[in-house]
Amino acid sequence: MSDQRIQYDEEMVGAGHPTKSDTLNRIMLVDHENDGSHRYLGLRRGMDFEYASASSISMAAGFVEINGQVCTLEAAATLTLSGISASEKRFLYFSVPSRGTTLSASEFSHSTTAPSRDHAKGGGWYDASGDKRCVGWIPVDDSGDLRPVRVAGGWMYFEDGYFMLTTNSPATSFTAYSLGAGAAGLGVVTKALVRAQVYHVSTASVTMQVRSGGASISDTTYTNIAQQHAAGAAGRGEGVYQTNASDQLEYMATSGSTIAWWLKAVEMVI
Amino acid sequence: MHAYDPMSKELKGACDGAQPEQSAVWQAQGLTVVAGSLVPLEDYNYLGDALTAKTAVSFAADKTGIAADGLDQALVTVSVAGETPPASIEVLVGDTVESLALSAGEGTLDPISAETPCSIVVGPADTVAFKGGPLVIEAAE
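From first to last, the protein sequence lines are chains A and B. Going by my numbering, the first sequence opens with residue -3, and the numbers climb by one from there. Going by my numbering, the second sequence opens with residue 202, and the numbers climb by one from there.
Just so you know, the hints here were simulated from the structure itself, not pulled from any lab data. You may find that some hints are simply not true.
Unchecked claim - Simulated restraints on C-beta separations:
| hint | chain 1 | residue 1 | chain 2 | residue 2 | range |
| --- | --- | --- | --- | --- | --- |
| 1 | B | D263 | A | H225 | 32 to 40 Å |
| 2 | A | G252 | B | T309 | 35 to 43 Å |
| 3 | A | T74 | B | D250 | 54 to 62 Å |
| 4 | A | T168 | B | G266 | 38 to 46 Å |
| 5 | B | L239 | A | Q65 | 39 to 47 Å |
| 6 | A | A227 | B | T297 | 50 to 58 Å |
| 7 | A | T108 | B | S280 | 43 to 51 Å |
| 8 | B | T309 | A | S52 | 52 to 60 Å |
| 9 | A | S139 | B | A282 | 46 to 54 Å |
| 10 | A | H225 | B | T265 | 26 to 34 Å |
| 11 | B | V298 | A | T168 | 40 to 48 Å |
Unchecked claim - Selected chain B positions facing chain A (in silico; Cβ < 8 Å):
| hint | residue |
| --- | --- |
| 12 | C216 |
| 13 | Q230 |
| 14 | L239 |
Please read these numbers as outputs of a predicted model, since none were measured by experiment. Using N, Cα and C, we set each Cβ at its ideal position, and we do this for glycine too.
Work out the full structure, taking the sequences as your base and the hints as a guide.
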């Protein structure tokens, strides 16, 4: 992850400026709330999930607190997501069982409606009714199939990478690029593991640079994510970057070239 | 979202979803930006102002290595895919563009030879409309 400290040539800008990015609080906000407390997502253990088919996921056993009750998914379960449509995100919810605290597919539901954070409930994410605890999300591709993903260790990994951009007319100054369907879109800062490639057939030295989203114009805290050192020999690289609250990173190429980048994994903020 | 050159109709960029900042970059470069899903640049163009798959061209040689004596020759056959292939195609042979008449989508280039060691690259001259190749003939002493 790139250096989040405020640099000597950056402006000192606090939160809430109408046009400029917050530089003073930038480093503190990594994994923290606005009140300085650690980001806490409410009691939950396990329940990682992965793609099982075009319309179902496999979720591991675990437990989660829902409205003050600790509910348990005692064994791995295959959960079906019916009625999904192309190019959308599906948020995964569990409600408290009508009897007991053992979760099953009966308590599972999914929706395109994003949850909101409820600090009164330990920081968990809940639907508008407040009865359904969100335990994750999964993107749907443009064919209407769930994207092949695996969730582990607080990250969602995209099998083969989620391809975001390919162009031989790249920006040559830092330009915002949204992770789009590759991020939950909950308005919170998150982290992304990206892979990039830069290529030019005749220019020996070309570089693709990436920096965290929302950096101020004078920010120099970028990373040379991919560099080509010999004409026609594509350069490749990977890095972890922090998005802004709009799920954006910023990229540029040092000169005309063909670039491409993929999202390999994104932090699960739910 | 797609960006293409309004003059050559070459697809210059593709990205997932609407990206306003990316769109602004492309428009500043004089490119035309339209809606579209992520596709490989090398497989499509915007001839006719609509996303169009490039016509596939394949090259086959009787040998890819020849003696650099001016006598040894390689014969390259060109095949254009599709139900209605063009009557001719321009092929880049080294630094020279050769117009090749096709019969049912197939044709054979003039024999390729070289008097000095070199690499002769063979491919479609029009890389906006066609994809395929390149085929490299190595001439060695």
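Verdict for A227 of chain A, T297 of chain B (Cβ pair) under range 50 to 58 Å: 22 Å, violated
The hint says 52 to 60 Å between T309 of chain B and S52 of chain A; measuring C-beta to C-beta, is that right? 54 Å, holds
Confirm or reject the claim that T108 of chain A and S280 of chain B have a C-beta distance inside 43 to 51 Å. Given about 47 Å between the Cβ atoms, the range holds.
Taking the beta carbons of G252 of chain A and T309 of chain B, is their distance inside 35 to 43 Å? 37 Å, holds
So does T168 of chain A sit 38 to 46 Å from G266 of chain B, Cβ to Cβ? Check passed, 41 Å falls within 38 to 46 Å.
Quick check on a hinted range of 26 to 34 Å for H225 of chain A and T265 of chain B, using CB atoms only. Since the Cβ atoms of H225 of chain A and T265 of chain B sit about 29 Å apart, the hinted range of 26 to 34 Å holds.
Does the Cβ pair V298 of chain B, T168 of chain A satisfy 40 to 48 Å? 32 Å, violated
Take a look at whether the Cβ-Cβ distance between S139 of chain A and A282 of chain B falls inside 46 to 54 Å. Given about 25 Å between the Cβ atoms, the range is violated.
Quick check on L239 of chain B please, does its C-beta sit within 8 Å of some C-beta on chain A? 6 Å, holds
Minimum Cβ distance from Q230 of chain B to chain A below 8 Å? 5 Å, holds
Outcome of range test on Cβ distance (T74 of chain A, D250 of chain B; 54 to 62 Å): Taking Cβ atoms as reference, T74 of chain A and D250 of chain B lie about 46 Å apart, which means the hint is violated.
Measuring from the C-beta of C216 of chain B to each C-beta in chain A, is the shortest one below 8 Å? It holds, given that the least Cβ distance between C216 of chain B and chain A is near 4 Å, below 8 Å.
Going through the hint list in order, the structure does not satisfy hints 3, 6, 9 and 11.
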